[in-house]
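Student: Sequence:
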Amino acid sequence: MQRFTIPRDVYFGENALEYLKSVKGTKAMLVIGSQRLIEDGTVPKVQELLKEANIETSIYSGIENDPSVEMVMKGSQAMKAFNPDLIIGIGGGSPIDAAKAMWIFYEYPDFTFEEAAKPFNLPELRQKARFIAIPTTSGTGSEVTAFSIITDEKTGIKYPVADYNITPDVAIVDTNLVQNMPKVLIANTGMDALTHAFEAYVSTAKNPITDALAMKSIEMIVDNIVKSYNGDEEARKEMHLAQCLAGMAFSNAILGIVHSMAHKTGKVFDIPHGCANAIYLPYAIQYNAKDAAAIYADIAKRLGLKGETTDELVQSLIQLVKDFRTAMNMPTTLKEFGISEEDFKANLDKISEGAISDACTGTNPREISVEQMKKLFEATYYGTEVNF
967 MQRFTIPRDV YFGENALEYL KSVKGTKAML VIGSQRLIED GTVPKVQELL
1017 KEANIETSIY SGIENDPSVE MVMKGSQAMK AFNPDLIIGI GGGSPIDAAK
1067 AMWIFYEYPD FTFEEAAKPF NLPELRQKAR FIAIPTTSGT GSEVTAFSII
1117 TDEKTGIKYP VADYNITPDV AIVDTNLVQN MPKVLIANTG MDALTHAFEA
1167 YVSTAKNPIT DALAMKSIEM IVDNIVKSYN GDEEARKEMH LAQCLAGMAF
1217 SNAILGIVHS MAHKTGKVFD IPHGCANAIY LPYAIQYNAK DAAAIYADIA
1267 KRLGLKGETT DELVQSLIQL VKDFRTAMNM PTTLKEFGIS EEDFKANLDK
1317 ISEGAISDAC TGTNPREISV EQMKKLFEAT YYGTEVNF
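Residue numbering for the sequence shown follows my numbering, beginning at 967 and increasing consecutively.
Be aware that one or more of the hints could be misleading.
As the list claims (entries may be wrong) - DEER-style ranges, computed between Cβ atoms:
id : residue 1 : residue 2 : range
1  : F978      : S1335     : 27 to 35 Å
2  : G1197     : D1309     : 53 to 61 Å
3  : T1078     : K1193     : 28 to 36 Å
4  : Q1145     : N1031     : 20 to 28 Å
5  : D1118     : D1076     : 13 to 21 Å
Because the hints were derived from the structure by calculation, they are not lab data.
None of the values given here were measured: they were computed from a predicted structure.
Beta carbons are placed, not taken as given, at the ideal position from N, Cα and C, and that holds for glycine.
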């Protein structure tokens, strides 16, 4: 028996925020990152709509990129003081993920992060509050997933908290909220979404429902990612919906080694998550193709890429990813990103061992050892072919 879980309701398209006028509740804690969402009118608009529903609001701001355990615990204390029956994460993956984790410890103050980090080990939530997610970037899919990525500030290691309990009750995917995203964020989040869809499609936990969502997402991203980067408003709307589909897919099919590698290097090398995925993805496809070439070739066929043989189709797919990086001025290797060789070598053992132990490695289509992971990281640093 298999399971497929997404939010009970997904409101999407232009002006989807209007749903908030009819939401049920008395107090809502809004969890955001920077003041930008206040200054650009997003948060005031949310507060105005909630006021129409007679809901009092409080704002918890300052969520950093790669939210830490310490930040999560502080936020849960703020929730305890305000006592909301609605928690609303607004922004990119970091504030939504942080809000999910805060929710856990708001409802269960004595629960430990070590226990929460064990996959599918959470107690039953919704004893005090329900959760609404409002994404303002087009990449993480956190608004529809059963994951929260939290960083141990002492080690720099990212831990995916995974449990269907933290799947939001409602996702509001308002396409008006992403029209003013900076180009670098469009590139990073777009490649994150593409990686989500690719990894879900080749995951060992895939199923017909996740395949349908992942493939549709891939098609939409391929058609729109560069146009979105270049300022096309309709393309940005399509990307916002496509990343949501990818989130639904990977939340149920899980991911693979691209995300394992990104989770273990983001904080260590101070590299944005989507940028890391963009660097690693072509190399991971080369590695995985030893066992999963037919699945990658299937993606290439469905996209109408050139190739008569399975190998030619896989190579066309890899080239497509590389072309996207070039079109959006993204680095192609860790070295090009700016990581020194000394720093890379000093951390190679740690990041390789960490990536192997990451939860996403378990559903990768090809098994990988620590030594192979080291070689794969070396390929992504120097830009060499993966032929092992």
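Student: Against this structure, judge whether each hint is valid.
Tutor: Now for the hints, and whether the structure bears them out:
1. Against the hinted window of 27 to 35 Å, the Cβ-Cβ separation of F978 and S1335 comes to about 42 Å, which falls outside the hint.
2. The hinted window of 53 to 61 Å between G1197 and D1309 is violated, with their beta carbons roughly 35 Å apart.
3. Checked against the hint of 28 to 36 Å, the C-beta distance between T1078 and K1193 comes to roughly 46 Å, which is inconsistent with it.
4. Checking the proposed 20 to 28 Å range against Q1145 and N1031 shows it holds: the Cβ atoms sit about 22 Å from each other.
5. Between D1118 and D1076 the Cβ separation comes to about 20 Å, which falls inside the hinted range of 13 to 21 Å.
This entry does not satisfy hints 1, 2 and 3, going by the numbered hints stated previously.
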